[in-house]
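**Student:** Taken in order, these protein sequences are the chains called H and Y.
According to my numbering, the first sequence holds residues 1 to 430 in order.
According to my numbering, the second sequence holds residues 1001 to 1770 in order.
Be a bit skeptical, because a hint or two may be false.
[Unchecked claim] Below, simulated DSS-like cross-link-like pairs (lysine-lysine); rule was C-alpha separation at most 25 Å, straight line:
#1 H:Lys126 / H:Lys94
#2 H:Lys382 / Y:Lys1714
#3 H:Lys382 / Y:Lys1639
#4 Y:Lys1639 / H:Lys254
#5 Y:Lys1574 / Y:Lys1507
#6 Y:Lys1174 / H:Lys385
#7 Y:Lys1714 / H:Lys385
#8 Y:Lys1507 / H:Lys383
#9 H:Lys383 / Y:Lys1716
#10 Y:Lys1714 / H:Lys367
#11 H:Lys145 / H:Lys90
#12 Y:Lys1664 / H:Lys254
#13 H:Lys385 / Y:Lys1716
#14 H:Lys367 / Y:Lys1716
#15 H:Lys383 / Y:Lys1034
For the record, the hints were derived by calculation from the structure and aren't laboratory data.
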Amino acid sequence: MSENKTQQAPLLSVQHLRQYFGPTKAVDDISFDIYRGEVFGLVGESGCGKSTTGRSIIRLYDITGGSVYFDGTRIAAGWQNYKADVKKAKADAKAEVAAIHAEYQEKEAKAKDNPAQLEMLKIEKKEKLDAVSEKLNALVAEKTKEIKSAKHDHKYGNKDFTRHEVEKVRAKYEPLLEKERSDEEKAKLTKQYKEEVRLAKHDRIMNKIQMIFQDPIASLDPRMTVHDIIAEGLIIRGIRDKKFINEEVYRVLKLVGLVPEHATRYPHEFSGGQRQRIGIARAIVLNPDLIIADEPVSALDVSIQAQVINLLNDLRHQMNLTLLFIAHDLSVVKYFSDRIAVMYYGHIVELATSDELFAHPCHPYTKSLLSAIPLPDPRYEKKRKRIVYRPLIDHDYSKEGPTFREVAPGHFVSCNSEEFDRYEKEIAGK
Amino acid sequence: MAKKILQVKNLQVAFRTQGGILKAVRNVTFDLNKGETLAIVGESGSGKSVTSKAIIGILAGNSIVEGGEILYDGNDLLKIDEEHFHKIRGNKISMIFQDPLSSLNPIMRVGKQLTEAMILNGKAKQRDARNEFNTMLKLMNQAMNEAMPESIEENDEACKIFNSFCMEATHLEKAYDDAQAAAVELQEEVGDTSFLLSKKQKVDIVMSLRKFLKLFPKTLHPYVVIDDEKYQSQFNKIRELSKLPKKRINPEEVIRVLNNVDLSLQEAIAKPAPNWFRLGYYLYRNPDFDYTKEKVTDLDEMTLKYLDDNFMNRFFELGINAIVYSHNKSIKGKKEHTLAEVEKLRSYIESQDHFEKKDIYSRVKTVAAEVRAAVDPIHLRKHSIEFSLGVSLKHEFARYFTGLKKNPKNQRKYDRKKARWDAQVARGKNPTWQVVPPYIIDLDLCKRNALQIIDSLLERYEKDFRHDRTVFDPKREMRETVDFFKEQASTLTYHVTKGIAKARAIKLLEEVGIPEPRMRYRQYPFEFSGGMRQRVVIAIALSANPEILICDEPTTALDVTIQAQILELINKIKQERNLSIIFITHNLGVVANMADRIAVMYAGKIVEYGTADDIFYDPRHPYTWALLSSMPDLDTKEKLEAIPGTPPNMIYPPVGDAFADRNKYAMQIDYEQQPPFFKVSDTHYAATWLLHPNAPKIPTPKTITDRIARMREKEKEEGQKPVYFEPPEKPSEPKEEEKATLEQSPAKKTALSKKPSAKKNMKNKGGKDQ
């Protein structure tokens, strides 16, 4: 990873992402950045919302609130929380108005006999009411604007990107076409131009993000050959050249360690590790920038796991990939990731580089998670004591709630100020 | 030395599939000791699950058990029939499966699934006990009569009295047990209701109060609840409460009353009971005696004396005579004769190439009868040798004759199909159908199996007699027999009502760490999270109090924290109940904490086994190395050493070492011969040619030595003395015969040199195997 990472713009930026399913807050206000070329690990127990985060980023769900920026473009946005804000502001204003009315009713009753004072009170009351409604209107206007922009970005983000791409092609070809040329050359150029415009029209920003799923059996269509499975993305992308498609399919098959002969077979003819390789081939055939790997090795045997992890590692260097690696096996995450975020019930509780996280875990949940890792060392294992995380006992959030703070450079923990001081001392002391 | 509870010997299992006969398990041998955890580790398809399924008798329909035996409690589990297996599966050997959701019934409440087996088992146990009691008494009577023909009348009389007063005692005990059960049930219900009330749940108070009143008279037994005024008054209060209109009942008052009832019930249940067996005799003689007035200790003393003086001393004399007679009868000169007979059968089977159905069956029958005559029926009341010999041999020969009859037919069928297929291929077509291999029963194998049965029987049989001759104590024998009678008689009253089952189930749920078990008892499986579901499955597996628990990847579907919890739970229960566990997994990391011993399986064979320390700190087989180094730990930085390729296709099992194709240390001999087990230490064996003295010395891979060094350092840091293994000096010498063959053939000796090009075309090969 580069040293000046902070200056570099993030490839993927998730800001205040919320994903609610009815009353269940699967993901509740999480923010993180992923920089180009790094592997970002997301760990947590099952049901903590790590898979939901991945799926929300790739827009398998419409998110409830927050935004996801990819390469500077907002690709997903939610507005439910703005709506909730407006609703709350309106209710607050209503209560305020009622309070003002009550206050002045009393005062007016007292100053019943004094018309001048009564008049003054009326003016005062009106001023106060105006201030409240003005505040409310400003807020509503602001939120409405945000809702509008979020809705627009969420709905038309892809189209904007496509339009942009098409314009780029036009800008490239129009000066070329205006030059004096022979008819033949011109016809050729026009054809090329039309083809590229068509391709640009099929391009989507979401093509740059691809996903690898956990279960290699369930994620491959049993009625399609490997060739069909891998080529599907290219066809949707608008490519019609059969020869080119074949070449690409064979290229990625070789990349993932299979041979071109495998292209004509069906998924059931492969072993688990090979199926996962097909899933990876399908994900990389469109040359994505970011791959979301949702527990890609959890369903595999240990020996096959190592093959798949090595493959992902090689591909990452060859194709300059960025990975969001979701897993619950901490040894694998530690081995594979540059930075790790620990999730607990929809919140990120700790985020740090992988060495830092394992050397100085701060949050009690992280500690409990690390203490549960089984190691191939019987004598150590016999002594290992698992730390149990009890959120109600380990934290005292009655006075001050937790916020996300930086306890050491690049090391963030969700804590309140009292805990913050303690964690800082802990890290300095080590 | 620990007691061997389960022995698997040379187990061979194959499957008939479309592609051919798939050899899933090839010659697996291991023992399981009492109270230990044996981990079986290997990739998917290595045969570890098949082995465990063979033990618990749930192999798929297309499986063929080609040979071997699984010995549990003197029986070969591969040979006993389904009826007998019912008594073992679930009761003695239980299993936890990988996916908790698929092993629970989604439309039944968890509580019902837990109690189902308990209630069913209760009834079956009663029936069995009655049978056992009667058979045994009959045997005793017979032996007595034969031993003392002059006093037949007295013998019969004694047996009759014994039977009658045992039944009398049983009735007394049953009455007591019923009252006790009612008390337990009542306590359970009372606890349940007061819990629900205190949680402000919806409860029909009047209904439950009436239910208590219904149960109340059942608990009134002199030794459960002596007419205690306090207890009576508590119930009078409940009666009053139940007569009130619903709205006027104050829940808090009800809770208070119920808590008092709960306390007095607790006292009552803890009350000591008299010895029913003795009391039974006393009452049989003096039916008018009112035993409720006496103290328990006085009563016990009095009845003991009465019983001894009046009946038991004489009965003991008779019984000892009978036992001595039966023992002498079985020993007298018959041992040599019977052994000779069995040997004769053995040599006959060995010499013969073909068997005549009638002939062989009659021979088996006579030998079985011979053995039965030579076995002391009183001593060996359960699982007699005669039974296992007769049934097993007959089973094996039945298979032989089926093979004899059907093999040619199957072969012809296969040939016809194959010819058609070949013809189609010759015409350039690509047939869409496949030729299924014929179901051929290996007749030689049947013969070998039969010989094996006799061999193992001879072994056990001789031991039995040696044991008898040196330590034969008729008095102790008689005591044991009477104890056996008592046990059966009290099992007759073994009786599980729904209430008792519920109380037990809730206790079990508590034991496996499920919070609020009363609430959880009423829920459906889908209302549980993954970890909780697995706990329920464990509770169900434990409900029949098994001796052996087989865990088939119990944590693979769970995440790290839950996995740690479940493993801790299994460890805890193992220690509490002294369970023996077979733990199956593909992840070596998981078993470091669990396993006492580890067997690493590959391609249907055990390639290395030893204690956990042996395997983790001194692995010897290249496959174990590969497994260990392909797994990242928290300090791994370098590239992972994945095992290239895939496991071999077991339809065509490799001639030599199955791992040779994926092994970078493979030698020429690995492709030609299967390696035997080389001894590394007393507990540690590995099947690899690398341990042969003539093999080149290959050091343990750096990844693993580095890791062990790191572990050692870590332990030093923690201020403990490093007690790691001392590297053993030398692998032990191979067996004499092997040495001889190696010396005789110089070709093989040179073949032991390393083959450098073994890894060529690895990747393609792995893929094509599919």
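**Student:** Please go over all the hints and tell whether each is borne out by the structure.
**Tutor:** Evaluated hints:
1. A hinted pair counts as satisfied when its Cα atoms are at most 25 Å apart, and lysine 126 (chain H) with lysine 94 (chain H) qualifies at roughly 15 Å.
2. Taken as a hint, the lysine 382 (chain H) and lysine 1714 (chain Y) pair is honoured in the structure, with Cα atoms around 14 Å apart against an allowance of 25 Å.
3. The suggested pairing of lysine 382 (chain H) with lysine 1639 (chain Y) is violated, with an alpha-carbon distance near 29 Å, which exceeds 25 Å.
4. Between lysine 1639 (chain Y) and lysine 254 (chain H), the direct Cα distance comes to roughly 20 Å. Compliance with the 25 Å bound is thereby established for this hinted pair.
5. Simply put, lysine 1574 (chain Y) and lysine 1507 (chain Y) have alpha-carbon atoms about 17 Å apart, close enough for the 25 Å limit, and the pair holds.
6. Only pairs whose Cα atoms come within 25 Å are accepted, and lysine 1174 (chain Y) paired with lysine 385 (chain H) is rejected, the gap being roughly 48 Å.
7. In summary, the hint linking lysine 1714 (chain Y) to lysine 385 (chain H) is supported, as the alpha carbons are separated by about 16 Å, within the 25 Å threshold.
8. This hinted pair does not check out: lysine 1507 (chain Y) and lysine 383 (chain H) have alpha carbons roughly 29 Å apart, beyond 25 Å.
9. The suggested pairing of lysine 383 (chain H) with lysine 1716 (chain Y) holds, with an alpha-carbon distance near 14 Å, which does not exceed 25 Å.
10. The suggested pairing of lysine 1714 (chain Y) with lysine 367 (chain H) holds, with an alpha-carbon distance near 19 Å, which does not exceed 25 Å.
11. The hinted pair formed by lysine 145 (chain H) and lysine 90 (chain H) meets the criterion: a straight-line CA distance of about 17 Å does not exceed 25 Å.
12. Of the pairs offered as hints, the one joining lysine 1664 (chain Y) and lysine 254 (chain H) holds, with about 23 Å between alpha carbons and a cut-off of 25 Å not exceeded.
13. Note on lysine 385 (chain H) and lysine 1716 (chain Y): the hinted pairing holds, with a Cα-Cα distance of about 18 Å set against a maximum of 25 Å.
14. For the hint pairing lysine 367 (chain H) with lysine 1716 (chain Y), the CA-to-CA distance comes to about 23 Å; that is within 25 Å, so the pair holds.
15. At roughly 24 Å between alpha-carbon atoms, lysine 383 (chain H) and lysine 1034 (chain Y) fall within 25 Å of each other, so this suggested pair holds.
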